[in-house]
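Student: Here are the chains, one letter per residue:
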Amino acid sequence: MAATTPPARLRLSSPTGQRGRLRGWRKALLYVVLIVAAAGVLLPFYWMVMSSLKTNNEVFTIPIKWVPDVFVWQNYVDIWTKADMGTWLKNTMLLSVAVTALQVLTGSFAAYGFSKVRFPGRDVLFLTYVGTIAVPWQSYMIPQFILMAKVHLSNTLWSIIALQAFGAFGVFLMKQFYESVPEELSEAARIDGLSEYGIYRRIILPLSVPALASLSLLTFTNTWNDYLGPLIYLRSPHLWTIQLGLRSFINQYNAEYALIMTGSALSVLPIALIFVLGQKYFVEGIATSGLKG
Amino acid sequence: MATTFETRRPGSRLRLRNTLMGWSFILPNFVGFALLTLVPVVALFYLAFTSWNVFGAAKWIGTANFTRMVGDASFWTAFRNTVYYTVFHIPLTLVVSLALAVLLNQKMRGVAFFRTAAFFPYITSIVAIAVVWNMLFSPDYGPINQFLRAVGVSDPPGWTTSGTWAMPAVIIVGTWREMGYYMLLFLAGLQSIPGELYEAARVDGANAWQRFRNITIPSLRPTTFFITVMLTIGSFKVFDLILVMTNGGPGQSTLVLSQYIYQKGFLENQFGYASSISIVLFAVCIAITVFQFLMNKRRDA
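Chains S and A, in that order, are what the protein sequence lines are. Each residue of the first sequence is one higher than the one before, starting from 1 at the first, in this note's numbering. Each residue of the second sequence is one higher than the one before, starting from 294 at the first, in this note's numbering.
Heads up, a few of these hints could be off.
What the hints assert, rightly or not - In silico lysine-lysine, DSSO-like type, Cα no more than 30 Å apart, as pairs:
# : chain 1 : residue 1 : chain 2 : residue 2
1 : S       : K27       : S       : K280
2 : A       : K352      : S       : K27
3 : S       : K82       : S       : K65
4 : S       : K150      : A       : K352
5 : S       : K280      : A       : K400
6 : S       : K90       : S       : K280
7 : S       : K27       : S       : K90
To be verified - Stretch-level coverage of chain A by chain S, calculated; a stretch enters the list once three of its residues show a Cβ under 8 Å from a Cβ in chain S:
#  : stretch
8  : 418 to 429
9  : 445 to 452
10 : 531 to 544
11 : 558 to 570
The set of hints was computed from the structure by calculation and includes no laboratory data. The structure displayed is predicted, hence computed values, not measured ones. Glycine is no exception: its CB is placed at the ideal position from the N, C-alpha and C atoms.
All chains, please: the whole structure from these sequences, using the hints.
Tutor: Pasting the structure below:
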């Protein structure tokens, strides 16, 4: 498919200075532009966190209060009793971990078959994989739903696991990485009598830790943030994920602005933490694959 | 098998071994992929020609669904709105993310922070983003309209409460969310341009704009092509952002194709008709991808 020419790998640590080092007023100007832009981009998040610490009346005021008069930490206590946050977070965590484990396992395994074993029909099969990336999920969600309902998986957490765990994305990302591992390594191991499974486990897997980290983080985030899958498949409240729960909370308490922001902030917090800790892997994963799940 | 063994070309045993070996690696993923992606895609083309709802079996009705679609005003509204979103979202995102990438492709302190900041919206959930922006866009007391009034706009738009301004609001949020992602792709492309090209141009006396116009833009063509394809597919399937921000409203002013499929399929249980709309979405995405691919090929030649 058309979508197979990924951009080159992104070197995070050493940006090439094609324009050389900037000096003097040009540099100052650039900083001003960037600081204004960054502030603009991050402003909604600032507003979310500040509103989550206000009393409800303080959220919408004229003029805007950029910092609450009193920080209402109580909001972060009340949300747990007003909403079923515990259940939602537990379900979401369970799904994200299970999907990530399966995607990484089956994806990296299949990618080895696609990049290191030569057999007839391989490239056509791979094209089929990549081709489905150009097909929006929204266009086949209905037959997929009927299928899941037929095997009684709808309205169970299994449906989301099945939905997310076998995507083409993991295979594609891992294959991109394996292609950069020199063939001589596997050849040498083959001569030493290692089986293909041995080469995968003892040589390729240890080498691909950064790619595995990228895939894990992207899959985890994707599953954590997924709204449509759970919306269609998870009807019973005890199965809801944080996204579904938050949405229903917003509908139910639509005037509790401060608490809504508290819930939103809590739903973003785990991903924000993961992102800050592992942003190198996010960036590299996206730059190598150029795709999302 | 054993009887034909001696007639085989040398190496065919190896090939069989490799085929089995290869499949054994691919199979665990392929089973899930085939059942959950390939089978549904194929089934779609059957379902679209049936009048299936949850009760009873699928009944073949030929092209009746498509005839119905032609006369369905809501379908055309959804189609128009999807094109509206696409036509503005793609160029806006391309320009903003390329500008960010060029600005951030510098040797300077703090550049990593700015990249992280630009990328952050992309990894936060749609629900949280939508609810925050809805509050920011709130017509009377929202920060955005307060700002607009402060700079002299006496009658700021009603944003998500207005039929005219709901779509621009959604486009702004969509662009804000995705620009960091495409910025990263552009950055990767920029870093693969050899620095000597710029040096040579500088020696020849080309100014910054000329270097951007004559080196950066042509060298980025593969990246731009790839990004445009991804953006097109992404725009045509836009759904969750709209579902949470406006739910298609007010009225039908932000109803898009994916959402119409969802409504017909999951809310009204008209699986057959919803599938035929899905085929339109499917066909448009594939057609645009192929078209862009061919255009790219032709320009390469």
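Student: Now look at each hint and say whether the structure bears it out.
Tutor: Hints and how they fare:
no.	hint	result
1	S:K27 with S:K280	holds (25 Å)
2	A:K352 with S:K27	violated (68 Å)
3	S:K82 with S:K65	holds (26 Å)
4	S:K150 with A:K352	holds (18 Å)
5	S:K280 with A:K400	holds (18 Å)
6	S:K90 with S:K280	holds (27 Å)
7	S:K27 with S:K90	violated (47 Å)
8	418 to 429	holds (count 10)
9	445 to 452	violated (count 0)
10	531 to 544	holds (count 4)
11	558 to 570	holds (count 5)
Consistency with the previously given hints fails for numbers 2, 7 and 9, ordered from lowest to highest.
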